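**Q** Sequence:
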Amino acid sequence: MAREIDPAQTPRAAAAVWMQAPMPMLTLFQTLDVTPLLRLSRRHKLKFHMLLCWCIGRAAARTPEFALLPVGGKLMQYDKLAINTVVALEGSGINTCDIPVSDSLIRFNRDYLTLTGLVRRTGQAHELGEDYMVIGTSALPGHKIDGAVNIYAGIYNNPFLIWGSYRRQMFRAKLPISFQFHHTQMDGMEAAHFLDRLQAEIDRAGGQGGLL
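In my numbering, the protein residues as written are 472 to 683.
Hints should not be assumed to be uniformly reliable.
Claimed, not checked - Using C-beta positions, here's what the derived DEER-type ranges look like:
1. Arg638 x Arg675: 17 to 25 Å
2. Ala485 x Lys518: 16 to 24 Å
3. Arg514 x Lys645: 14 to 22 Å
4. Ala671 x Arg581: 20 to 28 Å
5. Leu611 x Gly588: 18 to 26 Å
Just so you know, these hints were derived from the structure itself, not from any lab.
It should be emphasised that the depicted structure is a prediction, and the values quoted were computed from it without experimental measurement.
For every residue, glycine included, the Cβ atom is placed at its ideal position computed from N, Cα and C.
Please put together the full structure from these sequences, using the hints given.
**A** Here it is as structure tokens:
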């Protein structure tokens, strides 16, 4: 569940000043080596997008700053995480889907397929509610973008990752990705550590084949 917390009682006390800033969001750009995800995807017929979202969730779960988020002028603490993804609807249009973060690839894949399938068929967004700290994602797989900046004015404070298509470099696949976050939630150093953890989770995912 989510509960309000006194910023002075957290490691982010000095950063509480950013809660009232007119433009409190920061964005980092990094290029990831996603070769292990592509191999796992092809070997077990899993969606590449699902695998990347799973790795994002695992890296976030190992980053303490993701438990905090400024909401409506308050600092909230969460004990549940979710990944939000954009779903193309049957016919036309898009909507969004929250998927609970899980350490289990089997469970996350099941939830991903079930929930995104529901959104695709019904056209209705699937939201897990205020008990979850939601990490937004958006993919433009048909476009070789270097990154993107989302709403930057503190209206939507949740962390957000955006990427396009991966690029072949010799025998590797590289994916530029942008990570946007609220400065109250974390500083650049913590954000950079999260991206390093994300790369580590992607590398580790190559050994998940025996669990499927």
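**Q** For this structure, which hints from the list above don't hold up?
**A** 2
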